[in-house]
Amino acid sequence: MKKISVGLADDHPVILLGVSQVLTEHPDIDVRFSCATIGELFQHLLETPVNVLLCDFEFADDPQADGLDLLKRIKRVAPNTKVLILSSHTGSHIVSTSLAAGASGFIGKARSDCAGLPQAIRDVQSGNIYLPPPIASALLSNIFQGPDKAGGLSALSEKESIVARMTCDGFSISEIAARLHRSPKTVSNQKGAAMRKLGARNDVELASIVRELKSD
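Using my numbering, you'd call the opening residue of the sequence shown number 56 and step up by one each time.
Don't take each hint at face value.
[Said to hold, decoys possible] With a straight-line cut-off of 25 Å between C-alpha atoms, the simulated DSS-like cross-links for lysine-lysine are:
hint	residue 1	residue 2
1	K214	K252
2	K214	K246
3	K58	K130
Because the hints were derived from the structure by calculation, they are not lab data. Here the structure is a predicted model, which means the values were calculated and not measured.
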């Protein structure tokens, strides 16, 4: 039996431990390395090439880079390694742009998702794209329903756009309200409207979507 060599990268030790335990139970999967920092990841990729890299979308020690930038760097260093993204941020925009940037699959961090990791690794090693049913369903729904974010930032009103950009720059609702001379409730409503239109479920997804649309 030819084993699939796998590398693990996540800045949460508990996740690394749990994933390692799941994968070591499968004789066709060989975990070659496990790391928690960007520096360790790139060192391992250069010294210990693997078939599949199971990698978090963002790392705390790499604050200047979003997940897409990290993915592009990984593909430059290890172009033959298939990257399976492991992330708690599974918004349709993040998933679709990750696949477009070269990811071979995307899987969440819920316990039920981890149970599907061995098959996910086998699928991407075989040249297929892997998406768990809930993520695949949301992605297809997003495509066929033609969401507002397809129109980019132009889908937002001027006030919503300003609030979204300031949120991505790290300003809190109270800080935005003070700077724009609006009430915190008004700013909160405008931020919520922007997130709904762009399909973002939290500030991390909002920042990723805005950065991607600004670079288009």
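For each hint, the structure was consulted:
Pair hint K214 plus K252 holds up; C-alpha atoms about 13 Å apart against a cutoff of 25 Å. About 9 Å separates the Cα atoms of K214 and K246, which keeps this hinted pair within 25 Å; it holds. For the hint pairing K58 with K130, the CA-to-CA distance comes to about 22 Å; that is within 25 Å, so the pair holds.
In summary, this structure violates none of the numbered hints.
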